[in-house]
Structures are given as structure tokens and as C-alpha cells.
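Chemist: All residue numbers for the sequence shown refer to the numbering used here, where the first residue is 113 and numbers rise by one.
Fair warning: there could be bad hints in the mix.
Unchecked claim - Pairs of lysine-lysine, DSS-like flavour, derived with a Cα cap of 25 Å: (1) Lys-231 with Lys-161; (2) Lys-269 with Lys-166; (3) Lys-164 with Lys-231.
Stated by the list, open to error - Computed spacing ranges between beta-carbons, pair by pair: (4) Lys-166 with Ile-240: 28 to 38 Å; (5) Glu-268 with Ser-297: 49 to 59 Å; (6) Asn-146 with Asp-189: 43 to 53 Å; (7) Gly-165 with Ser-325: 17 to 27 Å; (8) Tyr-162 with His-292: 44 to 54 Å; (9) Gly-248 with Lys-161: 39 to 49 Å; (10) Lys-166 with Arg-326: 38 to 48 Å.
Read the hints as simulated data drawn from the structure, not as lab findings.
Glycine is no exception: its CB is placed at the ideal position from the N, C-alpha and C atoms.
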Amino acid sequence: MVNSDEGNTTFRDHSSIAEQLLRVLEGYADEFSNRGVPAHLTHTAREGKYLKGKHIGQEPERFVEEQLIWPALSVFDYTVWTQPYGYPKWDKSRPDFEVRNMDSGVDCAVIGEIKTPNKFEYAEQDIINYLESDLGEPTIGFATDGVRWQVRARPEKSDEITVISDVNLHDVYRLLPNRHEEQESYDKHRTRERMVEAGVEELHRHTIEERVSRIFSSDSVT
């Protein structure tokens with residue numbers, strides 16, 4: 113007898129989003145070996161250490177953006193502009209990126225903050241600060257360190273901020289060093305399984321649009 117839950121899992125394991133994102137994560141992991149510092153990936157993935165520019169030969173946040181964040185956002189079907197002007201309108205500060213193709217049925221700002229792995233809390237606080245600083249238009253905020261992805265929404269002229277997606281790929285990230293460690297085997301299928309279990313599909317643009325649309329439309333009714 114086949115368990116229905118197992119059947120559903122088998123179907124979801126073949127999620128194209130999980131498959132594409134796994135390639136992005138593997139490419140990110142391989143770049144550490146390409147630069148001769150595979151151990152530095154292990155330190156960040158399993159020991160909670162921060163990325164160091166002196167090891168990777170590049171400013172850490174730029175490295176993460178180029179090797180992980182921008183490719184991941186593309187997998188999730190977002191078109192982004194980096195370092196956009198005008199957020200918040202009264203300040204000269206600006207978020208790390210702006211999503212240009214969000215269609216939630218409401219004209220809104222969609223911005224994002226990026227930090228390096230193990231610094232998610234800083235990205236989260238930055239995006240909360242943006243959401244709280246300009247209440248004039250509905251706003252969606254992404255916070256990520258490339259491992260954990262969180263999306264928040266705030267309706268127009270409201271101080272109520274709702275978390276609409278929170279996906280943590282920490283368990284997946286810990287598996288990536290296995291690709292370059294002879295004493296351990298890298299199980300691609302199991303890694304993809306964990307990504308599906310973590311809920312990566314809900315980060316796709318269409319899913320976020322649906323969730324945001326419900327929040328903004330219910331707010332307009334009230």
C-alpha cells in the first residue's frame with residue numbers, strides 16, 4: 113500500500129524550483145573550491161562563522177549577491193534593480209534591491225535587504241526599519257542572507273507588518289561542503305528533498321503575489 117503522503121512527497125521532490133535553486137547553491141559552494149578555500153565554506157555552513165573577504169578575495173556581500181542572491185531571485189522569477197533610490201522618501205538611504213515585476217493587484221513598493229550567511233538578523237532588522245519608516249504606500253520587504261529568506265508585507269498607511277513567507281535552508285546549507293569532502297558523500301537527491309521540505313516553492317513570485325494580494329485587498333476592505 114502506498115502512503116498518500118509519500119506519493120505527494122515524490123511528486124514534490126521533482127519541483128523545478130528546488131532543482132534550479134539546488135544548482136545555484138551548488139555553484140555557490142563550488143566557487144569556494146574554485147578560489148582555493150573550500151574549508152571557508154565549511155566554517156560558514158557548519159560553524160556559524162562569517163564570510164571573510166581576505167579568504168574569498170572579494171567583498172563578502174558582493175560575493176554573496178553575485179554567486180547566490182541574484183541567481184536565486186532569478187529562479188524565483190523576480191526582476192530586480194540593485195541599489196534603487198527613494199526608500200524611504202525622506203531619507204538618502206536605499207535598500208539593496210527592488211523587485212520590478214511584482215503584480216499583486218495593488219501598486220506597491222517591493223524592496224529587499226541582503227546580508228552574508230549567518231547575519232540574517234541584520235537584514236531582517238533593516239527591512240523592518242524600512243517598512244516602519246514610510247507608511248505612505250503598501251510595501252513588501254525581502255530579507256535574506258542567502259540561507260534564510262523572509263518576506264513581509266505592510267499595507268498602505270498601516271503599521272501592521274505581516275510575515276508572509278519564512279523559508280530557512282540552514283539544513284541544506286550544512287550539506288553543501290559534502291561536495292568537496294572526500295570522507296563524506298554528497299546526496300543530491302536528499303539535499304533537494306530537504307529544500308522541498310523547507311518550502312522553497314512558496315518563495316516563487318506567483319505564490320508571493322497571491323499571499324500579498326489577500327493581505328492588501330483585505331486591508332482595503334476594512
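Chemist: Hints first: check each against the structure and report whether it holds.
Modeler: Verification of the supplied hints:
For the hint linking Lys-231 to Lys-161, the alpha-carbon distance of about 10 Å falls within 25 Å, and the restraint holds. Straight-line distance between C-alpha atoms of Lys-269 and Lys-166 comes to about 44 Å, which puts the hinted pair past the 25 Å bound. Restraint check for Lys-164 and Lys-231: the C-alpha separation of about 13 Å stays at or below 25 Å, so the hint holds. For Lys-166 and Ile-240, the hinted distance range of 28 to 38 Å is satisfied, since their beta carbons lie about 31 Å from each other.
Between Glu-268 and Ser-297 the CB atoms are about 52 Å apart, so this pair conforms to the stated range of 49 to 59 Å. As the Cβ distance of Asn-146 to Asp-189 is approximately 27 Å, the hint placing it in 43 to 53 Å is violated. Gly-165 and Ser-325 have their C-beta atoms about 41 Å apart, which leaves the hinted 17 to 27 Å range violated. Between Tyr-162 and His-292 the CB atoms are about 20 Å apart, so this pair departs from the stated range of 44 to 54 Å.
The hinted range of 39 to 49 Å is satisfied by Gly-248 and Lys-161, whose Cβ atoms lie roughly 40 Å apart. Between Lys-166 and Arg-326 the Cβ separation comes to about 46 Å, which falls inside the hinted range of 38 to 48 Å.
Checked against the numbered hints listed earlier, the structure breaks hints 2, 6, 7, 8; every other hint is satisfied.
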